[in-house]
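Peer 1: Listed below are the residues making up each chain.
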Amino acid sequence: MSAWIAAAGQALLIALLAPIVTGVTRAVRARLEGRAGGRIAQPWRDIRKLLRKPPTSPEGAGVFFSAAPVVLMSTSLLIAATVPFVSTAGIAGSADLIVVVGLLLLGTVALALAGLDTGTAFGGMGSSREMTIAALVEPTLLLAVFALSTRVGTTNLGVIVAAGASDPAAVFTPASLLAFAALAIATLAETARIPVDNPSTHLELTMVHEAMILEYSGRDLALVEWASAMRLAILLGLLANLFAPWGVATGTTWTAVVIAAAVLTVKMCGLATLLAAAEVYAAKLRLFRVPELLAGSFAMALLAVLTSYILA
Amino acid sequence: MPHRPHTAVIEVGSAGELGRHVTRLLADGHRLALIAAHHDTAQHRGGQAIRIVYLFVAGQPDRRVELVLRADPAKPHIPSLAALSFPASRFEREMRDLFGVEPDNHPLPRQLVRHPHWPQDWHPMRLDAGTRPPLTGAEAFPFLTVDGNGVYEIPVGPVHAGLIEPGHFRFSVVGETILKMKARLWYVHKGTEKLFEGKHFADGVALAERISGDTAVGHSLAYCLAIEEALNIDVPPQARRIRAMLLELERLHNHIADIGALCNDVAYGIAHAHTQRIRETLLRINKTVTGHRLLRGAIRPGGAHLLNTPDLMQISSTAQDLAEIVEIALGHTVVRERFTGTAVLTRQQAADVGVLGYVAKASGLAYDARTAHPFTNLGETLSIPTFTEGDVLARFRIRAAEAQNSAAIIRQLAPTITPGHHHTETGDVNGHDGDIRCGTGIAEGWRGTITHRAEVGSDGRLSRVKIVDPSFLNWPALPVALTETIVPDFPLANKSFNLSYAGNDL
Chain V
1 MSAWIAAAGQ
11 ALLIALLAPI
21 VTGVTRAVRA
31 RLEGRAGGRI
41 AQPWRDIRKL
51 LRKPPTSPEG
61 AGVFFSAAPV
71 VLMSTSLLIA
81 ATVPFVSTAG
91 IAGSADLIVV
101 VGLLLLGTVA
111 LALAGLDTGT
121 AFGGMGSSRE
131 MTIAALVEPT
141 LLLAVFALST
151 RVGTTNLGVI
161 VAAGASDPAA
171 VFTPASLLAF
181 AALAIATLAE
191 TARIPVDNPS
201 THLELTMVHE
211 AMILEYSGRD
221 LALVEWASAM
231 RLAILLGLLA
241 NLFAPWGVAT
251 GTTWTAVVIA
261 AAVLTVKMCG
271 LATLLAAAEV
281 YAAKLRLFRV
291 PELLAGSFAM
301 ALLAVLTSYI
311 LA
Chain D
1 MPHRPHTAVI
11 EVGSAGELGR
21 HVTRLLADGH
31 RLALIAAHHD
41 TAQHRGGQAI
51 RIVYLFVAGQ
61 PDRRVELVLR
71 ADPAKPHIPS
81 LAALSFPASR
91 FEREMRDLFG
101 VEPDNHPLPR
111 QLVRHPHWPQ
121 DWHPMRLDAG
131 TRPPLTGAEA
141 FPFLTVDGNG
151 VYEIPVGPVH
161 AGLIEPGHFR
171 FSVVGETILK
181 MKARLWYVHK
191 GTEKLFEGKH
201 FADGVALAER
211 ISGDTAVGHS
221 LAYCLAIEEA
231 LNIDVPPQAR
241 RIRAMLLELE
251 RLHNHIADIG
261 ALCNDVAYGI
271 AHAHTQRIRE
281 TLLRINKTVT
291 GHRLLRGAIR
301 PGGAHLLNTP
311 DLMQISSTAQ
321 DLAEIVEIAL
331 GHTVVRERFT
341 GTAVLTRQQA
351 ADVGVLGYVA
361 KASGLAYDAR
371 TAHPFTNLGE
381 TLSIPTFTEG
391 DVLARFRIRA
401 AEAQNSAAII
411 RQLAPTITPG
421 HHHTETGDVN
431 GHDGDIRCGT
441 GIAEGWRGTI
451 THRAEVGSDG
461 RLSRVKIVDP
471 SFLNWPALPV
481 ALTETIVPDF
491 PLANKSFNLS
501 YAGNDL
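Order-wise, the sequence lines are chains V and D.
The numbering of the first sequence is full-length UniProt numbering, which starts it at 1 and goes up by one.
The numbering of the second sequence is full-length UniProt numbering, which starts it at 1 and goes up by one.
Pulled out of the complex, with its shape left as it was, chain V reads as follows (with noise of 0.2 Å):
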């Protein structure tokens, strides 16, 4: 099968799973809390919905406002295409964790950049609050894949989820350890999860991720909501890989490829129910803590880097 295939084939995987990853967090939040809630496929119909509609804009609104949506969908395919969440052959070989790290930046930014677009106070306000918090996660999420690279001295993720997948009892170190607790918050926190952010208030002055992204509408709205979908599933996805590496395909060859798909899709919907589950007992934290957590997790990726080099 050619990597060109491979990576289309997963990039395609990953855009039609990840609306199901966030009907899966849904449905197991409600059910936790005694709701009925929704169905899991819910999500997917409402970006279907919104598909079908023209977009709006708002007056004055530039040209950050209308590159946005998809600025944040095509670095959210290309890491769904490079990174090895199926197969650590192929394409994957150039999923450098720098650039990984810079595309997803490249998206928070561009969404940042359209709500200060918009000229409303909410954009704005939702603009500065996601850049305080993207200032604090980014370091993390780089520092602590630095971690589990220096074991096999290169950042190229494919070379360290394939070095985990052939030697799965290597990845339990304290350095791992501490660089997945140090990743999980990263990961709440650049998905705009509870306790950063409330993916389901109605409060516009509480908002972060929501308070950006209020001008969208019609088929702008549903990319937004995709790639940020998208990128839940992505981090979900590596954190699965990074940590839990059975079952990725280290070749190409279709039984290889279709189970690494299935166990991929698994490990995800299983790691969005602990999300899930996680975020019923939590509680989301004054705008004014969540600098606190995130230097907590900051300080924790830097510790798994010191252990990987002082245990290693």
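In case anyone wonders, no lab produced these hints; they're calculated from the structure.
Even glycine gets a Cβ: it sits at the ideal position worked out from N, Cα and C.
Do not rely on the hints blindly, as some may be mistaken.
Short, incomplete list of chain V residues facing chain D, as computed with Cβ under 8 Å [claimed, not checked]:
hint, residue
1, R35
2, I194
3, P195
4, E204
5, F288
Starting from the structure of chain V, add chain D where the hints point.
Peer 2: Structure of chain D alone, referenced to chain V:
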């Protein structure tokens, strides 16, 4: 049986006399319950005038004093009491908008109630107001601009993302810290007080129940108490107990909803989901008790009507459930951290603004109409919780404590009640020709003390009903409490006050 309060009426002639009376009453522990203007015709006993009634009340024992001042209807001027009482300054602005009464030396003689589209010189409560003239272009609303390095404004509303009533909030913010918040309300003027005029007093109940949808019992009770005092109707003790119980049923379901909503505002959704479940149980109990989920239709002048007594097993299990939810929520460090120290209203501020209800109790003021102006004796079961912190946590805990106390009162009262009509015949209440009979009703609704003052003509028709929902007095306290609060905590602070827009803007 609690004694029937006697209302002292003092006619005041001059501004100086009014000031002396007010100073004395306030020093004597009275609070200003309402100021009501009346546009009297020449047939009125006092002659043609804009008659202003200042109602001062004090509790334990129940004391009520009315000061009556008359102004020339052609060019009404009154001395402003703003220097003596902050609530007075608000009532004066309300009268200025609705009656065209000019308060002399008022520090802020600006529109309050008046819709910006109404013509400037149209005062709808005056007898000569006629139908509403065509709306004019909106006039500017003077927001105070805060200048400074890094200060910016966030306008929110009047249309919000959630299903809430309309209100515009203008925040002047530096970073995330609120420097100043100005609430622009008054989008929901319905002319409620005008709608009462000319109605037969028995028909006013339905309207009173709809003043603020979540306070059907509180408002209809205050209304009936006012009517009964005006017409000298005695209410059977059994009906009094039914009313007291309905008041607590209303308090219970509203407080539980608020407790859940406060948890939801800090994204603690599970507590919210369970309070919703409990509230639904209570609404179904309400339906079996009165035939209406929000307890409408049970209270009427002269008595009360009950279909069934509430299922006390369910009330008890509800109270236990609630206690558990409150314990879990306050045991959660993040939830507690969010509530603690947020939007503090100090005791002094609370007293100065003249707040009522749980907002007052959370700041250490124990005023409650059930002890200050009782209509039935609740005995030892009634307890008035107070906290001194004045923050969101205190307002949350007041609700939790009051809800438990309500359940206890319902458990005490229900066995003493038999369902059915308990009623004093109000048929023969017509007075002498030209006789205007007036009465005041004070009831502790779930938000706080509600005051109604009704005037009934000789034919049993209402000539004027003045309504004061606690929200009218509590709204100004919200911006005060927001000092040093951060923007993302505003929804939480706002929910902890949970003031009525409909009850505020009649």
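Peer 1: All the hints need checking, so say for each whether the structure fits it.
Peer 2: Evaluated hints:
| no. | hint | verdict |
| --- | --- | --- |
| 1 | R35 | 5 Å, holds |
| 2 | I194 | 5 Å, holds |
| 3 | P195 | 6 Å, holds |
| 4 | E204 | 6 Å, holds |
| 5 | F288 | 7 Å, holds |
In the structure shown, no violation is registered for any of the earlier numbered hints.
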